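Engineer: Sequence:
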Amino acid sequence: MSTLGAFLVLWGFLLCPATKAATVFETRPNLWAEAESLLEPWANLTLTCQARLETPDFELFKDGVTQELVHLDLPAMEHRFPLGAVTSDTRGLYRCRSGLNSRWTQLSNLLEVTGAESLPPPLLSTEPVSWITPGLKTKLLCHGGFRGVTYLLRQEGNDQFLEVAEAPEDMEATFPVHRPGNYSCSYRTHAAGAPSEPSATVTVEELAAPLPPKLSFQGESAGLLHPGANATLVCVAPLSGVDFQLRQGEEELLVRRSSSNPDRISFHLDMVALGSGGLYTCRYQLRGQQTWSSDSVPVELLLSDETLPAPELSVEPETLHPTPGTLVQLRCQAPRAGLRFALVSEVAGKRRVHHVLSPEGTEACFQLRDVSVVDSANYSCVYKDTAPPFAGSAPSSSLELRIDGPPPRPQLQALWSGAMIPGRDAILRCKGQVPEVVPHITFELLREGKKEPSTQVWATHPSADLVLTYVGPQHAGNYSCRYRSWLPIPFVSELSDPVELQVAGS
Numbered sequence: 059m060s061t062l063g064a065f066l067v068l069w070g071f072l073l074c075p076a077t078k079a080a081t082v083f084e085t086r087p088n089l090w091a092e093a094e095s096l097l098e099p100w101a102n103l104t105l106t107c108q109a110r111l112e113t114p115d116f117e118l119f120k121d122g123v124t125q126e127l128v129h130l131d132l133p134a135m136e137h138r139f140p141l142g143a144v145t146s147d148t149r150g151l152y153r154c155r156s157g158l159n160s161r162w163t164q165l166s167n168l169l170e171v172t173g174a175e176s177l178p179p180p181l182l183s184t185e186p187v188s189w190i191t192p193g194l195k196t197k198l199l200c201h202g203g204f205r206g207v208t209y210l211l212r213q214e215g216n217d218q219f220l221e222v223a224e225a226p227e228d229m230e231a232t233f234p235v236h237r238p239g240n241y242s243c244s245y246r247t248h249a250a251g252a253p254s255e256p257s258a259t260v261t262v263e264e265l266a267a268p269l270p271p272k273l274s275f276q277g278e279s280a281g282l283l284h285p286g287a288n289a290t291l292v293c294v295a296p297l298s299g300v301d302f303q304l305r306q307g308e309e310e311l312l313v314r315r316s317s318s319n320p321d322r323i324s325f326h327l328d329m330v331a332l333g334s335g336g337l338y339t340c341r342y343q344l345r346g347q348q349t350w351s352s353d354s355v356p357v358e359l360l361l362s363d364e365t366l367p368a369p370e371l372s373v374e375p376e377t378l379h380p381t382p383g384t385l386v387q388l389r390c391q392a393p394r395a396g397l398r399f400a401l402v403s404e405v406a407g408k409r410r411v412h413h414v415l416s417p418e419g420t421e422a423c424f425q426l427r428d429v430s431v432v433d434s435a436n437y438s439c440v441y442k443d444t445a446p447p448f449a450g451s452a453p454s455s456s457l458e459l460r461i462d463g464p465p466p467r468p469q470l471q472a473l474w475s476g477a478m479i480p481g482r483d484a485i486l487r488c489k490g491q492v493p494e495v496v497p498h499i500t501f502e503l504l505r506e507g508k509k510e511p512s513t514q515v516w517a518t519h520p521s522a523d524l525v526l527t528y529v530g531p532q533h534a535g536n537y538s539c540r541y542r543s544w545l546p547i548p549f550v551s552e553l554s555d556p557v558e559l560q561v562a563g564s
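Here the sequence shown stands for residues 59 to 564, numbered as in full-length UniProt numbering.
Check the hints yourself; a few may be wrong.
Straight-line C-alpha distance at most 27 Å; calculated BS3-like pairs for lysine-lysine [what the hints assert, rightly or not]: (1) Lys272 <-> Lys408; (2) Lys272 <-> Lys197; (3) Lys272 <-> Lys489; (4) Lys272 <-> Lys195; (5) Lys508 <-> Lys489; (6) Lys489 <-> Lys509.
Hints in this document: simulated from the structure, not taken from any laboratory. Note that the structure is a prediction, hence the values are computed from the model and not measured.
With these hints in hand, go ahead and build the complete structure from the sequences.
Structural biologist: Set out below in C-alpha cells:
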C-alpha cells in the first residue's frame with residue numbers, strides 16, 4: 059500500500075464509490091518565514107517548507123524559478139531554507155513543493171519577501187461562507203507569512219482595530235464575525251512595530267435567511283418519466299452540516315434519502331405516481347435553528363402515461379441541416395389548448411428535457427438560438443394535462459437535426475495589464491458560446507507552438523478563468539484557448555485569438 063493510501067486508511071477513509079466524493083486530501087505544503095528576531099524581521103530570515111507527509115525531497119522557488127532542490131538522507135516533515143539578511147538578490151515571491159510518491163505536490167502558498175520597512179499584506183478569507191445569518195458561525199481567517207506575529211482586524215468606517223489576536227505558533231488567526239461590513243486585516247511583528255500593509259477587503263453580508271440550495275434531477279432542471287419509475291433529486295447547500303427538506307408546493311415530502319457528502323443529500327422518489335409530477339424545491343436549515351433557507355430554483359418532473367394522441371413536431375426553416383449561427387424553431391402541435399409541453403432531445407441514447415412551455419393555444423414554439431454542432435440531436439415533443447387525471451401523450455415523431463462544423467470560437471481576455479510581475483498568477487478568461495444543453499465543458503489554455511494544454515479547467519458555465527500559477531520568465535509567450543466536450547456530442551472549438559503574456563525582466 060502507498061504512503062498516501064495508508065494515511066487515508068489510518069484516518070478512516072475508505073476509497074469506495076460512496077465516499078470518494080467526500081474524500082479530500084490536501085497535499086500542498088505550507089511555507090512560512092521565521093525571523094531570528096521579530097524586532098528586525100528581515101535581518102536574519104529562514105523559510106520553512108512543511109510537507110503533509112514525510113518526504114526526503116523539497117524544492118524552493120523564487121519568482122517562478124527554482125532556487126534550491128534538496129534531497130535528504132532521511133524523510134522529514136519539513137525543511138528549512140536559510141536566507142540570512144534580506145538583500146535585493148533574495149527579495150521576491152517564494153513558493154515550495156515537496157515530494158509525494160515519487161512525484162511532486164502542488165506548489166505551496168505564496169510568500170512575499172520584501173525586506174522593506176513596510177511589511178507585505180496578509181490574505182483575508184471567510185469560512186464557511188461570506189454572509190451571516192442567525193445561528194451561523196461565520197469566521198474571518200487572516201493568513202500572513204510570518205510565524206508568531208499579532209493579527210489585527212479592521213472594519214471599514216472604524217478607525218480602531220476591531221479585534222487583536224496572537225498567533226505564537228501559527229501563521230494565521232481566526233476572527234468571529236458578528237455584524238456585516240467590509241473587513242481587512244494586517245499584522246505586526248512586535249508591540250511597538252507598525253502594522254503591515256492591509257489585506258484586500260472582504261465583504262460580509264447579513265441575510266434574513268440562508269442563501270438557497272441547488273436542486274437537480276440528473277444534473278438538469280427538468281425530467282420526463284413514466285409512471286412507476288424511480289427518480290433521484292439532489293439538493294446541494296452552500297455549506298455543510300445542515301438539515302435538508304424536499305417540498306412540493308408547501309408540503310414537505312418524507313421520502314427515502316442518502317448522502318455521501320456533508321453539503322448535499324439525495325432524495326429518492328420510488329415508484330412515482332402519475333399525479334406526482336410538477337415542481338419540486340428543496341431548502342435547508344442550520345442545525346438547532348428555526349429559520350429555513352430560501353427555496354431552491356424548482357425542478358420539474360413531467361410524468362406521461364402516453365395515453366393521449368401524439369403531437370406533431372415541425373421545424374422552421376424547413377431543413378434538418380440548419381446553418382450554424384441561425385435561429386431554429388421547433389413547433390409542437392397538440393389537438394387542444396391548456397396543456398404543458400416539453401421538448402426532448404436525445405443523443406447516444408441519453409434523453410433530456412430541453413425546454414418546457416405552457417402556451418395559451420394548441421402549439422408550443424421552442425427556439426434554438428445561434429445553433430451549432432452542440433445542438434445536433436434527435437428532437438421530439440410531448441404534452442400532458444395539468445389537471446386530473448394528469449394524462450400524458452405519446453411522443454411525437456422525431457426530427458434529427460445535424461449542424462456541421464465546430465462551435466463558435468471563444469474569446470480570450472487577460473485579467474491584467476502590462477508585463478506580469480514574476481511570481482504572480484496570470485489569469486486569462488476564456489468565454490465560449492455553449493448552450494445549456496452541454497452540462498460539462500473543458501476549457502484549455504494552449505501556448506503557441508505547444509500541443510498539450512498549459513492548463514485546463516472543467517466547468518458547467520460558458521466561461522472559465524484559466525490560471526498560470528506562479529509565472530516566471532519561462533511562461534512568456536502567446537496563448538490561445540479552446541473549449542471541448544465529450545457529452546452529449548463530442549466537439550472541440552477552434553482556437554481563440556492569441557493573447558501575449560509578457561513577464562517583467564525576461
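Engineer: For each hint, tell me whether it holds in the structure or not.
Structural biologist: Each hint, compared with the structure:
For a cut-off of 27 Å, the pair hint linking lysine 272 to lysine 408 stands: about 23 Å separates their Cα positions. The hinted pair formed by lysine 272 and lysine 197 meets the criterion: a straight-line CA distance of about 24 Å does not exceed 27 Å. The straight-line distance between the Cα atoms of lysine 272 and lysine 489 is roughly 24 Å, inside the 27 Å bound, and the hint therefore holds. Using a Cα cut-off of 27 Å, the hinted pair lysine 272 and lysine 195 holds, with the two alpha carbons roughly 22 Å apart.
Restraint check: the Cα-Cα separation between lysine 508 and lysine 489 comes to about 21 Å, which is no more than 27 Å; the hinted pair holds. For a cut-off of 27 Å, the pair hint linking lysine 489 to lysine 509 stands: about 21 Å separates their Cα positions.
This entry satisfies every hint, going by the numbered hints stated previously.
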